[in-house]
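Those protein sequences? They're chains F and P, same order as listed. Using the working numbering, the letters of the first sequence map in sequence onto residues 1 to 113. Using the working numbering, the letters of the second sequence map in sequence onto residues 1 to 112.
Everything labelled a hint here was simulated from the structure, so no lab data went into it. Incorrect hints may appear among the rest.
[What the hints assert, rightly or not] Incomplete in silico selection of chain F near chain P, CB under 7 Å:
hint	residue
1	99
2	106
3	107
[Stated by the list, open to error] Here are the simulated EDC-like cross-link-like pairs (lysine to aspartate or glutamate), alpha carbons at most 20 Å apart as the crow flies:
hint	chain 1	residue 1	chain 2	residue 2
4	P	42	F	30
5	P	42	F	1
6	P	59	P	45
7	P	104	F	1
8	P	78	P	39
9	P	42	P	83
10	F	71	F	56
11	F	57	P	98
12	P	69	P	5
13	F	69	F	53
14	F	71	P	98
15	F	65	P	98
16	P	104	F	38
17	F	69	F	79
18	F	18	F	79
19	F	57	F	79
20	F	69	F	30
21	P	78	P	55
[Claimed, not checked] To be clear about the criterion: a stretch of chain P counts as covered by chain F if any three or more of its residues have a C-beta under 8 Å from a C-beta of chain F, and this derived list gives those stretches:
hint	stretch
22	27 to 35
23	40 to 46
24	95 to 108
No residue lacks a Cβ here, since even glycine has one placed at the ideal position from N, Cα and C.
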Amino acid sequence: EAQVTQNPRYLITVTGKKLTVTCSQNMNHEYMSWYRQDPGLGLRQIYYSMNVEVTDKGDVPEGYKVSRKEKRNFPLILESPSPNQTSLYFCASSLSSGLYGYTFGSGTRLTVV
Amino acid sequence: ILNVEQSPQSLHVQEGDSTNFTCSFPSSNFYALHWYRWETAKSPEALFVMTLNGDEKKKGRISATLNTKEGYSYLYIKGSQPEDSATYLCAFSGGGADGLTFGKGTHLIIQP
Numbered sequence: 001e002a003q004v005t006q007n008p009r010y011l012i013t014v015t016g017k018k019l020t021v022t023c024s025q026n027m028n029h030e031y032m033s034w035y036r037q038d039p040g041l042g043l044r045q046i047y048y049s050m051n052v053e054v055t056d057k058g059d060v061p062e063g064y065k066v067s068r069k070e071k072r073n074f075p076l077i078l079e080s081p082s083p084n085q086t087s088l089y090f091c092a093s094s095l096s097s098g099l100y101g102y103t104f105g106s107g108t109r110l111t112v113v
Numbered sequence: 001i002l003n004v005e006q007s008p009q010s011l012h013v014q015e016g017d018s019t020n021f022t023c024s025f026p027s028s029n030f031y032a033l034h035w036y037r038w039e040t041a042k043s044p045e046a047l048f049v050m051t052l053n054g055d056e057k058k059k060g061r062i063s064a065t066l067n068t069k070e071g072y073s074y075l076y077i078k079g080s081q082p083e084d085s086a087t088y089l090c091a092f093s094g095g096g097a098d099g100l101t102f103g104k105g106t107h108l109i110i111q112p
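Could you build all of it, start to finish, from the sequences and the hints given here?
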C-alpha cells in the first residue's frame, strides 16, 4: 500500500529534550515536506526537500532541523523543544512540489511541557 | 507569505442539500490549485489538482472549478451526506520548490 509512515503518533516531552519525528514514504517521491497545524493558523510549512541532500526552510523553520540522506526518509529534529512547538505535525510527500497531490502521514501530536 | 483565503470558515448544511465554498488565491504566478478533504482524527487526502483556467474536476458528488485570472476556485458538494462532514482545504502553488501554501479550511458539518 502506498503510504507515508510517520512516528510517533503522540508524544509528550519536556522542554529541552531532543526528539526526532520520523517520516518514511514508499512511493519513490522526490518531494517531501513538513507542516505544523495550529488552531486558527492552518497548515504552515516548516521545511521541504526537493530530493536527496536538498532541503530548504519553509515559513516557520525556527527550532527545527531536517535531513534527507535517503529518498524515502525525511526526519524532523527538534534539538531543544520548547512549549511553543506544541502542535500537530504532518509529513507529506509528492512526485513534485506543486503539480501532483500530496500524500500525508497520519500526523504526530506533540506536547512540550 | 502568500495569502490563500477560504470562506466561509464553517458551514452547517442539512443532509440532502447542496453546498459550495470558496478559495481565493493570488492571480499572479499561478501554477496549480489543490483541494484536500480532512476528516477528524485523520490526515488530509487529495481531492483535486487543477492547473488550467476554466478547469472543472469531478469526483462523485464533489466538483471544483477554477478561475486563475480572478484568483478563485469553488468546491461544490451535491446532495450532502453525513460522511461529507470534514474540513476542506485548498492550497496554492506558484510553481516554486517551496510547494503549497494552504488556506485555513472550511469546516463542513452535515446535519441529519
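Now for the hints, and whether the structure bears them out:
1. 99: Check passed: Cβ of residue 99 of chain F comes within 6 Å of chain P, closer than 7 Å.
2. 106: Residue 106 of chain F check passes; min Cβ-Cβ to chain P is 5 Å, inside 7 Å.
3. 107: Hint holds; residue 107 of chain F Cβ to chain P Cβ min 6 Å, cut 7 Å.
4. P:42 x F:30: Answer violated: residue 42 of chain P to residue 30 of chain F is near 24 Å, above 20 Å.
5. P:42 x F:1: holds, 17 Å
6. P:59 x P:45: holds, 13 Å
7. P:104 x F:1: At roughly 29 Å apart (the allowed maximum being 20 Å), residue 1 of chain F and residue 104 of chain P break the hint.
8. P:78 x P:39: Given that 20 Å is the threshold and the Cα spacing comes to 18 Å, the pair holds.
9. P:42 x P:83: Judged against 20 Å, a Cα distance of about 13 Å means the pair holds.
10. F:71 x F:56: Cα-Cα ~15 Å, so holds.
11. F:57 x P:98: holds, 8 Å
12. P:69 x P:5: holds, 16 Å
13. F:69 x F:53: holds, 6 Å
14. F:71 x P:98: holds, 18 Å
15. F:65 x P:98: Holds, because 16 Å separates the two Cα atoms, which is no more than 20 Å.
16. P:104 x F:38: holds, 10 Å
17. F:69 x F:79: holds, 18 Å
18. F:18 x F:79: Satisfied, since the Cα-Cα distance of roughly 5 Å is no more than 20 Å.
19. F:57 x F:79: OK: residue 57 of chain F and residue 79 of chain F at ~16 Å, within 20 Å.
20. F:69 x F:30: Holds, at about 12 Å.
21. P:78 x P:55: Holds: residue 78 of chain P and residue 55 of chain P sit about 18 Å apart, inside 20 Å.
22. 27 to 35: Coverage by chain F holds here, the residue count being 3 at a Cβ distance below 8 Å.
23. 40 to 46: Since 5 is at least three, the answer is holds.
24. 95 to 108: As far as the stretch 95 to 108 of chain P goes, the hint holds, because 11 residues have Cβ atoms under 8 Å from chain F.
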